[in-house]
Each structure stands twice: as C-alpha cells, then as structure tokens.
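Just so you know, the protein sequences line up as chains L and S, in that order. Position 1 (the first sequence) corresponds to -19 in the working numbering; numbering is contiguous. All you need for the working numbering is the position in the second sequence, starting with 1, plus 128.
Don't read these hints as lab results, they were simulated from the structure. All values reported here derive from a predicted model rather than from experimental measurement. The beta-carbon is built from N, C-alpha and C at its ideal position, and this holds for glycine as well.
Chain L side only, calculated, beta carbon under 8 Å to chain S, not exhaustive: (1) ASP22; (2) VAL26; (3) TRP29; (4) SER30; (5) ALA33; (6) ALA34; (7) VAL36; (8) ALA37; (9) LEU40; (10) ASP42; (11) LEU45; (12) ALA121.
From chain S, some residues computed to sit far from chain L (all C-beta separations above 12 Å): (13) GLY214; (14) THR233; (15) LYS235; (16) ALA236; (17) GLU238; (18) THR240; (19) ASP241; (20) PRO263; (21) GLN271; (22) ALA272; (23) ASP276; (24) GLN278; (25) GLN295; (26) ASP299; (27) ASN302.
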Amino acid sequence: MNTQLLPSPGTGTPMRPAHGPAPVREAGRFAGQHRRRLLRADVLTVTAWSSLAASVALWLADGGLTAVSSPAGMVTALGIVAGLAGMDLVLLMLLLAARIPFIDGAVGHDRALEFHRKLGKPSLYLLLAHGLLIAVGYGMAEGLDPVSEAVALWVLVPDMWLAFISLALFIAIVVTSLVAVRRRFPYEFWYAVHLLTYAAVLTSLPHQFSVGGLFAVGTGQRWYWLAICIATGATLLYYRIIQPVRATFRHQLTVERVTSVAPGVVNIEMSGLQLGSLAGNGGRFFIWRFLAPGLWWHPHPFSLSAEPVRTGPDGHGRLRITVRDLGRGSAQLLRLRRGTKVAVEGPYGLFSSAARSKDQVVMIGAGIGITPLRALLETTPFAPGQATVLLRGHSNKELYLGEEILELCRLRGATLFHLTGGRDPGSPDSWLPAAEHRAGYALADYVPEIASADVYVCGPSRWAGNVLNAARAGGVHEDQLHHERFDW
Amino acid sequence: MRIRAAVSAALASAGILLVGWQSGVHVADTRSAVAAAAAGNQASGTGTTGTSGAASSESAASSGTTGSSGTAGASGAAGAAAKAGGTYDGDVVQTRFGTVQVQITVKAGEITDVTALKLTDAEGRSAQISNYAAPVLRDEVLQAQSADVQTVGGATVTSDAYLTSLQAALDAANL
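Just chain L, same shape as in the assembly:
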C-alpha cells in the first residue's frame, strides 16, 4: 500500500500537522506539552468543584442559611441544596460526555467517560434526596405525611408532575447503567435508555424555574442557572450533532474497497475529500457510521490504521481502518459494499502524540489492538533508536499489519519484537507468551529504558491490564502510561 504523505491542497506542505515526525529533535521537547496537559486537567478539576460550590452558594446568597428557623425549614433547606448540587452534577456529566476537545485533549475520551460514570450514582442520590427531603419538609410545615404531601405537590403545584417523571427517568437511566444490569441487556437497549437522559433533564427544568423560589424572575440566581443550562445544551448540540454532520459533509467518505487481512479481519479503505485535516491523528479513534440499510444507526469506534494517502488533487485521498469481527456489529462490516457512504465523527481520544511526555516511546499491542499502533508509529516523533514496538499474538497470522509495521520500524529506526504463542494457563497475570514467561523475561528485558519512556498499550482489557501492571513494576510513572480500550 502506498503510504506516501500527500500535500494539502494549495499550500504544497505535506499532509501532516506542524509537529509531524522528524528524525531528530531536541531532547525533552515533550516536557512542556505534558505540563500544559496536566495544567488543563487541573483547571478542569477546579472548574468542576467550583461549579458545585457555586450551586450551593446560590442558595446561601439568597439568605438560605439565616432563613432556616424551624425543623421543617431545615429539612426543606437540605432538600433544596441537594437538588441544586444534583442538577449541577447532571450538567457536569453531560459536559463530560459531550466530547469537548478541551476535555478530550486534557484527560482523554475514556477517562472523561470514567468520571461521567463515577458521577452517575452521586447525582442520582442527590436528586432522590432532593425529592424526599422536600416532601418531608413541606409535609412537616403543613402537617401532612410525606406521601400525601408528594401527592399534593403532584396534583396542585404546576410543573411538579414533570419533575416526578424526570426523577423516574433518572432512576431508570442509572439503574440500566449499573454494570451488573447493563451486562444483561444488549448495548442498543442501554443506549436507547441513556438517550432518555435528555428527556429527564428537560422535564426537570420547568419546576426548577417555576416552583423553585431561588430562581424567581429578576434574581441573579435565575440568570446564572439559565446560563449554565443553556451553555451545556449548546455545547452538546455543537459537539455531538453540528460538528459530526459538518465533518461528514466536508469529507464525503465512501467505501472504496474491503480487503481481507486475516480470517475475520479486514481493511476498509475509504476515499474522500479534504483528508489533510484528519492526518496526524495516528492512534486516535473516529466514530464511523456506514450508511447502509441495517447499519447506519450503529456507531463504530475505530482508529485509523494508516495515515491518509493522496490519490488525487484537492485533498482527494484515501484512508484506512482495520476491523476485526468482534461482535454482531463488526461482523456486518466484513460484507460492506463499495460505494457505501460513511458518516464520520472525531478524532477523539488521547492515544496519540498529544499524550507524549518523554523522548522515548514504547508501543505494545495485541491482536486487533496492533492496528492503532501502526498509525501512531507512522507519525509520532522519535529519533532512531528511541522507539520500541512489541507485538503480541497467538501466532504470526494474528500480528495484523505485521509487515507494514516491520517496514515502518526499518524506515524510522524502531526496535520491533514479535511475541507469539499461547498464554501460560498457570499465570493469568502474565502478558507474555508461555515460553517467554517461563524463561523469566520481563518488560525491562525488552526495553531497558522503559522507566523513562511513554508506554502505549492497546489490546484486550485483561491483557492490557497485565501490561500496565508490568510497566508500573518496571518503574513507569502513571502519567507515562497510555492505554486505549477498544472492546467497549
């Protein structure tokens, strides 16, 4: 396959970002990038906590604390604060899942979603507490039991029935996302329920502004709350809908050909326009939707397995993904027809040069996880001798794209190891083939300078976990570990 980089339209510069690969650069060039990335992550942390504090401060600024004079008032006040904090967490969760480049570039897509998941239960507990405490507090003030009070609220107070529906939806969303429950249902079911989040948030809004005394017309609190709700909505709309639609129309991707790499593994080549802007994202993933009957609604997250290649003028070019039959969804991809239109979103994730912090780089991949490493190897900057690639598979046949990687390693001066063979059934913690494991090899035997290298790991999650542990044992700092999950 032709892997020559093509010039961008008009300018004559190569189709790669300004910080593209160069054989030799000054040492320590990634230290600054790393510091900036950590600073961004810290700014995000501070912003998140501040927003939570601000939601409580809204209530304090309304004289909330001094207005509490009776037990009923105390319970009601707690309920109000729980509601404010809960809604703030919900908005943070929406932002974490909005695929905002600033967040993606600071912590990466999967870390952002990890935080998103972690906030799920606390936000639900706060919202439940909100409903419960308000019912109890109002009930105490009126001499009603909480149940009658809740019924009275539902029937008598406008917009409250919507709030009850909202709470029920939130419960359904969090429950279907619990790991134990989620495993019992197909992904599509979970996804459909998760889409109800938007309904849950929208039905909760009316009562916040009409019943919540804090957000009365003319108060600063009302403006602040409106601003954060609208900003969150606009962010979601832009990054989850407008941006993907624009990218799809800009690139006009169509399936060019599907070729077999190994049993159950295919290269899907697509042609399109203005592919220069997709270059240099080796290792990051895109979300592909193949617009064919029965396939169009299914999003597939895959990395490019090669940099875009020039085929014509005006940025006309080809790009490639490598797909393995991992599930029902990807099985259908093996039979894709030529000419199928493709919608694209991305790139996402931090499995790229943007995560580098050291001059040395080590790439470790297994199975289909090798393919994103192939694109990373093509573009990430290192001097000859500064990179090591370890490929792991049951047999040589499973070292997908192995020949291309060998060629790239020759070209760029990287060390390559093929580690093939079955696992040692007696040691589930090993990432090595049985023979190498018994011989007592460790990560440092392949890469002596591992402690001062960036380590990129891509493969099945159990195996990848073992590699990460081996790297930690070898003295690699957590910031130097870069891991991409692809079996989700």
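Keeping the supplied structure of chain L fixed, place chain S upon it in accordance with the hints.
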C-alpha cells in the same frame, strides 16, 4: 500535580461559598428589617379593634405580631359587632410556603377592606406570588362580599390559605 488541583479546588470552592454566605447574610438583614416594619404597621392597625389576642400560633409569635392575631371577637358579641363595624382577623393558616392570615374591615355589614397580615414568604418566589395574588384576591372578595371566589392561577396554595383565613374572619364578623 494532583495536590495542586485539590488545593486550588478547595480554595476556590471555599471562596465561592464564603461570598455566597456573605451576600446571603446581607439579604437576610434587609428582609428582617422589612418584616419588622410590616409587623409594626400591623400592630398599630389592629390596636383600634379591641379583638382579643387569643389562640395565636407559634409562627405568629415568632414574627412579633402576637397581639394582633387570633380569631376575631367573642362569638357572643359578634352579631352586634358586625352591624357596628370594625376589623376582624382570620385564622392563621399554615402552608408549605409560610403562614397566611388576613384581616377584614367591616362597616354596616359590608366588607370594605381586606388586609393581608401575613402572606407566604418562605422563599423569594413565594413572596413574589403573594404580592401578585393578594391584590387580585382582595378585589374579588370586595366584589363578591364573600370568600366564595376563584383562586388565582399559579398561586393555588396562597389563594386557598387566603380564602380559608378570610372565611374565619367572616364567620367571626357573623357575615
């Protein structure tokens, strides 16, 4: 780096909460001043009525209007009182948004005025609803000369309490 984030987040949050609390204290001061002024007016207004200060509720006591509240008049004298005119206080009605109590002024067996001694004000929004609903209810009551009027949309709780208290005052005035 994580320590830096934790410390900055803690400081920022504490600062924001402190600012909120400070401005909250300010708001509360203004409010209690307004409440005190209102209570003063009520006290002077009811001084002329000579109604007995029985059966005051604990929340009425807390806002300093003990003397002015309570169901109006002794029932024995009520019939005569209605003819002679005067002011009558309605019951103190508890709602989830605060307490409501109204006072009616009667001349020659006609309601000539309705004054709200207490209106729901537990939260800023409730106070706002009250300020909007009270004049509407007053006009309706003066026109209908009874508590049998429409509640104000969006102020159901306040309206119900208002009319309940009003009915008690009407009963007291034997109207």
